[in-house]
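Enquirer: Keeping the supplied structure of chain Y fixed, place chain A with the ligands upon it in accordance with the hints.
These are the residues of each chain, in order.
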Amino acid sequence: MRDFSYLRANSIDAARQAAALPGAMLLAGGTTLIDLAKCGVTEPDTVVDITHLKGLDTVTVDDQGAMIGALARMSSVADDADIKSRFPAVSEALWQAASAQLRNMATIGGNLMQRTRCPYFRDPANFPACNKRSPGSGCSAIGGVTRGHAVLGTSEACIATYPGDLATALVAFDAIVHLGDRQIATDDFFLLPDATPDREHAIAPGEMITAIGIPASAAARRSTYLKVRDRQSYEFAAAGAAVGVEFEADGRTIKDLRVALGGVATKPWRARAVEEALKGKLLEPDTVRRASLLAIEGAVDHGANQYKIELAPRVVARAILKVGETA
Amino acid sequence: MTVHEIRTRHCDSKRGDASDGAVLAEAVGGRLSRVDGPAKITGAAKYAVEQQLDGLSHAVLVESTIAAGRVRSIDTAAAESAPGVLLVLTPDNVLRLNTATDWLGTPPPDAPYYPLARDITFSGQHVAAVVAESFEQAVAAAALVKVSYDEMAAIVDLSDPKAGDGIPIDAMTKEWGDAQAAFASAPVRICAAYNTPREYQTPLEPHGLIAHWEGDQLTVWEPSQWLDGMARTYAEWFGVPFENVRLISPYIGGGFGSKAFAYGYSAVAAIAAKMLGRPVKLAVTRPQTFTAYGGRAATRQTVALGADAEGRIQSIVHRGVNETSVDGMWVEPLGSVTSIMYATPNFSSRQNVVRVNTVVPGALRAPGENPSAFGIESAIDELADEVGIDPLEIRLRNYAEQDPEVKKPWSTRQLREAYAAGAEAFGWSKRTPEPRSMRDGNQLIGWGVAAGTYPVRRAYGEAVVRILADGSVEVESSSIDMGQGTYTILAQTAAEVVGVPAENVVVKLGDSRYPRAGVTGGSRLAGVMTGAVYKAATAALDQLVGLAISDPNSPFHALQANTLVVTKGRIASPRGDGPEVSITELLGSVGRDHIEAMGDTMPANSTVEDRYKNYTTIATALSHTEGDYSRHSWCAHFIEVRVDEDFGTVRVSRVVSALDSGRLYNPKLAESQWRGGIIMGIGQALLEEGIVDRRHGRIVNNNLADYLIATNADIPDIEVISVGIPDPHSSVLGGKGVGELGIVGVAPAIANAVFHATGKRVRDLPITLEKLI
Ligand SMILES: Cc1cc2nc3c(=O)[nH]c(=O)nc-3n(C[C@H](O)[C@H](O)[C@H](O)COP(=O)(O)OP(=O)(O)OC[C@H]3O[C@@H](n4cnc5c(N)ncnc54)[C@H](O)[C@@H]3O)c2cc1C
Ligand code: SF4
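Taken in sequence, the protein lines are chains Y and A.
No gaps in the numbering here: position 242 of the first sequence is 242 in full-length UniProt numbering, and each next residue is one more.
No gaps in the numbering here: position 63 of the second sequence is 63 in full-length UniProt numbering, and each next residue is one more.
Honestly, the hints are just simulated from the structure, not real lab data.
C-beta: ideal position from N, C-alpha, C; glycine also.
Take the hints with a grain of salt, since some may be wrong.
[Said to hold, decoys possible] Within a straight-line C-alpha distance of at most 20 Å, the following computed EDC-like cross-link-like pairs (lysine to aspartate or glutamate) qualify:
id, chain 1, residue 1, chain 2, residue 2
1, A, 407, A, 175
2, A, 760, Y, 286
3, Y, 322, A, 646
[Claimed, not checked] Which chain A residues stay away from chain Y? Per the calculated CB distances, all over 12 Å, these:
id, residue
4, 285
5, 474
6, 607
7, 645
8, 701
One chain only, chain Y, in its complex shape (with noise of 0.2 Å):
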């Protein structure tokens, strides 16, 4: 039997500590990481529980902004009436992301370390190939099964899909992720696969998620995500798109905008061309359609991933034009 040491942390230094050891990992919800476990892709040598630590779990709006502590629960940060109504691209993303039962144990900090869902990464008995899980071992995926792989971001080592959905809200919204003292963008913190697709985050080993803070904005307060994907729920998104707008007082020219795409990325993929072009720019639904062409710049397939090129766009012309609407 493969033992591993369980270790209760009771404060945020000692939970870094022990974050430092060699083989160790932080355990929150364990959604993602017993999972893993079970299929013989993470093989910690020490549990670091970090849910009983006290404080970690709150959600405070003013404002300035909101401040989500790393162990709030999805559904928790998900129903929090404040964030409903200054983020609702936040709580849409939260809602529509697993089932009820895993909302309800995950939590906020785990939810931004989860996995990609490539099948190859999570079988290593089948598929020993997966420069994310062994670096230099190869790439199972390409020229395999690859109809959630995505078309952004992707290297020649990698091209796993990011698969959350509140990244890609965060990373909209220019949420910055607290690691204790340190603090980092959203966008920062999620890595390019490029040669070192084992490198996911900008965290170092003994540092750990204390919180997420999402600076106020009108655009956030106008916001939306919508996430498209075969089955109506607990399925990851085919494509989704975190959106918010602000207008001019005239109530029709874009002042500001923000686009980021989930499900078809290796990292939450802000769409700053799609902003560019339509700042300053009547929300006409021609306009916004031509603009949401610009998300997938630069967007390669590996064949059964391709509609993902087509579909994108339709989600973020659909998601700017029903954010527009809701005056």
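Expert: Chain A with the ligands only, in chain Y's frame:
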């Protein structure tokens, strides 16, 4: 082991539904709620692998990581020395078993059977197993078993160039008239190919078992759709008498065709238990449920319809192919609906089976009829479009007044009534004929119709009914309840016949020591077992009344009555003169502690061998066209879909289905089975597909996050309407099949609705978004 018992409870005991008149909930035809429901909801129901046994050890399988080739060597050293390990089984040390008789009753070859393979024919095949003190130890040690292979090129699936055309299955050939010539000269012709992928049963309870030997007696706790058939397999494998094997399966968390047989892993657990002299538990993991036994085979069909300008079919030419494994045979009868749904003077259907490197496919809800209906019910829709008539009208125009294949009258066929009732409730007459003619914002709306059918399969069962001195009634049978409601309808049957409240009936199922029953599959069990219980209960009641009339100590002795009636557990003369006593009082006065009678649905002169054969194989099952009639259940599905024009996502927004299953023993349970079938059909149409990595011949979405079945959010309200009438030719009490009917025709109704919504005809299931954007 506590003997499993179920007591009925009073649940909505007021009235049955209007279609059955005012039927008491607990009588046959009443809407009694599932009597096993509370035990399941409270967790009191114990499933097979939840049994606690002293000395239980745990087996974990090691599976092949190649799809074709040969095991060169297996290094077990590390696993053997791992903590807690009791046994490592490989092809080298596994017990040699006998090959068992198959379910059709084919005598086995005189060859050994090894459940662990040296020759690899599919990815995920069992090659070794580790047994340890704890499950965790077994999992860890199984990962240490090193298997090396000589790999060969696999035939991945039907589209593999190496697969070839396959083997013609002559028994599937059906021909009358001159179909090719009539097609060639028909004024209107359509011809198209329809494909269905590998699909899986995905029961909520994964498979698994606990095997325990005491001397040469084997007890197996294993979810089972067929206790007697599986007990026979174990007995023959190990060369012990049938009576030495006891299978226990009081609760089954869904089977859908996948739990009727003992499989290779079952043999592994029983071998390990024998070698260790300890009970062994083997729980099949969810990923293993995709390879430890087979799901529905992938199928391909071409359907060619020739018709006159009014859409009257003149010829049907049908060709079908299903995959099977390289070393096992599975025929998915693809012409089964094609040949009976519509009247046609000329018909030809042939089928090939193609061997590929997969586990042997198996039964999944309505094997044959389900994919068959996808072909013909899509094709007739294409014909309607071609001719320019309404899809419902074309079905009525080609209505088969008798079985076109065997040329016998239908026993009952309420399909016209189903079309009428479904169309009325759905509002079909408001449909605009043009594709893309109905929309709501970005949503294209489409309405589709399709019919379904399932044959009435008849087999045998026996039951004991016991009237006890405390006034309760016991029913025993080795048949099973996998959620479809056997406990409930047998309680209703016994209650009605004997004349006691249903809550006084205790039904005991799922133990091979009880009176025997054939397979629970092919939607046959309810008809068979209500018949057997009806007969047993009638015989028990006759004995009770006989005693009351003739026993000198009976309070009725002086009355000199010809008969007596029992109502609500009390016995009285029909006219009400004389005494009225309870069953308890009567049995007390005549000095009996119980009365017992056996009933069965067997031919009267059956021998012991006949019975054994009838219950452990399907060799003697009666054909649905035996005698003067052709017997089937029928249905018509009317379905509305909404297709997002930008995203290609399909949502089913309305379902109205009218179904003819003959008489319903319990409408509430029948409706819920129909709905269950329709729900599975929605998943099949839109979501379900085993996806194969073509380089490795391996299913990669082998878990419930990636193999998508419908969730609640995918399912709208489903209106089901019963249009059946009692069918005396189909079963003792007049019912026809229920369980499989509902799924048949759902996928084509959805595909037809998608065509109406979008103008795009999708002929490959599932209808995923990339096929529509
Ligand atoms: C079947 C299924 C479907 C799903 N569907 C969706 C979906 O549709 N959309 C979606 O967005 N997500 C989906 N998920 C993912 C789910 O949201 C994540 O599993 C969950 O959010 C992880 O949170 P957790 O608290 O359980 O993390 P854990 O499993 O406890 O941890 C996950 C990882 O994060 C690390 N970690 C945890 N907390 C911290 C911290 N504070 N600082 C640093 N590292 C930390 C752990 O060490 C581990 O590596 C799905 C998951 C499953 C199993
Ligand atoms: S895509 Fe990435 S995660 Fe998937 S197999 Fe290739 S390297 Fe591994």
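Enquirer: With reference to the structure, classify each hint as holding or not holding.
Expert: Hint by hint, here is what the structure shows:
1. Between residue 407 of chain A and residue 175 of chain A the alpha-carbon distance is near 13 Å, which keeps this suggested pair within the 20 Å criterion.
2. Distance check on the hinted pair: residue 760 of chain A and residue 286 of chain Y sit about 25 Å apart at the alpha-carbon level, beyond 20 Å; violated.
3. Distance check on the hinted pair: residue 322 of chain Y and residue 646 of chain A sit about 14 Å apart at the alpha-carbon level, within 20 Å; holds.
4. With a cut of 12 Å on Cβ distances, residue 285 of chain A falls inside the contact zone with chain Y, its closest approach being about 9 Å.
5. Listed as a non-interface residue, residue 474 of chain A keeps its Cβ farther than 12 Å from every Cβ of chain Y; the least gap is roughly 40 Å.
6. Taking the minimum C-beta to C-beta distance to chain Y, about 51 Å, the non-interface status of residue 607 of chain A holds against the 12 Å cut.
7. A beta-carbon of chain Y comes within 12 Å of the beta-carbon of residue 645 of chain A; the shortest separation is about 9 Å.
8. For residue 701 of chain A, the requirement that its beta carbon stay farther than 12 Å from each beta carbon of chain Y is not met, with the minimum near 6 Å.
Of the hints listed earlier, those the structure fails to meet are numbers 2, 4, 7, 8, in rising order.
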